[in-house]
Amino acid sequence: MTQPQSSGARASDNVMKLDSFVRGKWSGAGDPAAEIHSAVTGDVVALATRSDLDMREILAYGRAVGGKNLRKLSFHQRAGLLKALADYLSQHKDRLYKLSLHAGATRTDAMIDVDGGIGTLFAYASKGRRELPNTRYLLDGNVEGLSKGGAFAGQHIVTSLHGVALHINAFNFPCWGMLEKLAPALLAGVPVVTKPATVTAYVAYELVRMITESGALPEGALQFIVGSTGDLFDHLTCQDVVSFTGSADTSQKLQRHPVVAREAVRFIAERDSLNAAILAPDAEPGSPEFDLFIKEVAKEMTVKAGQKCTAIRRALAPSAQLDAVITALRDRLAKVVIGNPESDKVRMGPLVGLGQRSDVLAHVTKLRTEAELVAGDPDNFPLVDADARRGAFVPPLLLHCAKPVAATAVHEIEAFGPVCTVMGYDELDQAIALTNRGGGSLVASVYTHDIQAAAELTFGIGSFHGRVAIIDRDCATEHTGHGSPMPQMVHGGRAAPAAARSWAVSAACNTTCSAPRCRVPLAC
Amino acid sequence: MLSGVTGRWLKGSPVLEGDLHPFRYHYDDLEIGRTLVSKSRQITLDDIEHFAHFTGDTFYAHMDEEATKGHPFFPGRVAHGYLLLSFAAGLFVDPDYGPVLANYGLDSLRFVKPVQPGEQIQVRLTAKEKTPRNKQYGEVRWDVEITTGTGETAATYELLTMNAMRG
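Protein sequences appear in the order of chains A and B.
Letter by letter, the first sequence follows residues 1 to 524 in my numbering.
Letter by letter, the second sequence follows residues 1001 to 1167 in my numbering.
It is worth saying that the hints were derived from the structure and are not from the lab.
Computed from a predicted structure; not experimentally measured.
It cannot be assumed that every hint is accurate.
Stated by the list, open to error - The list that follows gives simulated cross-link-like pairs (lysine to aspartate or glutamate, DMTMM-like), each with its CA atoms no further than 20 Å apart:
1) K1130/B - E1017/B
2) K1011/B - D474/A
3) K1011/B - D323/A
4) K1130/B - E1145/B
Can you build the whole structure from these sequences, using the hints too?
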């Protein structure tokens, strides 16, 4: 932590100076480009620095050196690199935990980010080793006979792209976000250029420091750009893949870049997602499913202070149960202790920064044109070991939208914080229609012990979602939650076209980006 | 729950057990999850020797105790995997004429744990998935698990049968 301050934000002596790792070496700190503040105290914790980076050279080096080195290896050898990297990071992960405190992450929040990221490396290493062949290419399907005599036949072969995977990451999970994209790209034999979001770039920077120290990756496999990407997009080719995570606005801006259109650059975006939790009609108050629903909605609002792409933004319940739902959520949220994540008592930290705080509050203001605030007061809430005027604190804010069919904002605006809107539905068909008003989301969870209702909801919303989690009493003790990372399952939906970071996407031209796929991950 | 949504039985999903043998149901009447748990049968050294000489499969792991010393998989002489399959069929089959027309094949066969002489085996057979073929019959995919007397899984596979329609 930085030194105690008398007033205002200033840099302490141990401010990190962040530079880029390009063309096999650290660029060295250049002129200060941006101050990065602690989410808790507002003190400066890091400086992003500006150095003259030649983006064309960075991409060319990745393709020439990294791509060549990775394509020499078989899937099993690449899986071995991921395993070695994951082992090294596991041994040194405390460094990441320590830095995550500045970003407002509680121990649990940091665990999702740090251990979630390392776990994803392990999962890809294991899948690569067990499920992929020990070759540098993949045979896709069986031989297709193309002639009567059988002398002329076809076989789909998946090979590595000869480009780079450009990863533009979101601020909320600096470790997991980087690693969950890195793992499949490297397994596919494609070198990575990764760019962290500035506000938590110091955690990503430390992670890249550790990756370079580990010596696990071949030369050129990873480059890291702090700050602006400059004219990087001007130099993309048909062999490159862009994986973007962040807001719909930025995503659209990047996707409209003339080079992306001209070169048909593969572009994958994971952006705003109005994830829903649906309480089915059978799950009345007092049933285990009702309790599971309340617990999960409250958890998704408060873990990581609601800054998860998969967090529940809309909670749907039968109109008859609305009062019970609101009362139960209000009680549960009232018990959440907010404050400095260094305190053991604290269950929810601040948002990552003051900028994010004003964004969230502005979005809540818009939501309040269609919904009424039923729990939480952004101007008045207790804090432990922290100053509300300096940290980026927002309490859990629960809204109730009385006319969800007529409303638009509640289905479109993602307030990326501890914010959720409760809405009622009359029958299952309406629940399905309302859920799909999100326009495609990462995850929906369904709370029911009625197989018929579960099936109706799953097939009603499946094509709009990357994942449908069905949660009931039978899986209550084993399920990992609505929004937890599941590297085994496809992560996506319209918000993130299914093949997003699965290794196949970075592979050959004969694989097309598959349509959103529905996955029901929870065996109950 | 997942089984209920997808229409395909999964290990851990509820099963339906009754007095009527699952092979007595026509394709149309067979419910997903319909299950038979067989009686147990002990595997003896004589069984292994008999099977070896009868089939000609006298691989050392079945015949030569000495040769299995320090072996990474075998704790001593073990039963043939094919012997387990054959005994399993003997345990679950309902011999009388009925709606099961033919054994059509096996998928995803894995021998998970070797079985030694003196051990018991038992079979669970569960209707997993149904696919109609024509007006006369349809394919039934059965989930099969062979377990030892200690409840450990010895082998798993999917058995395919052709079952007559009620007609």
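Run the distance test for K1130/B versus E1145/B: straight-line Cα separation, threshold 20 Å. Distance ~18 Å between K1130/B and E1145/B Cα, so the pair holds.
So if I understand the rule, the pair passes when the alpha-carbon distance is 20 Å or less; does K1130/B with E1017/B pass? With a Cα-Cα distance of about 18 Å, the restraint between K1130/B and E1017/B holds, given a limit of 20 Å.
Given the hint that K1011/B pairs with D323/A, does the C-alpha gap stay at or below 20 Å? The given pair, whose Cα atoms are some 39 Å apart, is violated under the 20 Å limit.
Pair hint K1011/B and D474/A, alpha-carbon separation not exceeding 20 Å: holds, 14 Å
Violated hints amount to a single one, hint 3; each of the other numbered hints is respected by the structure.
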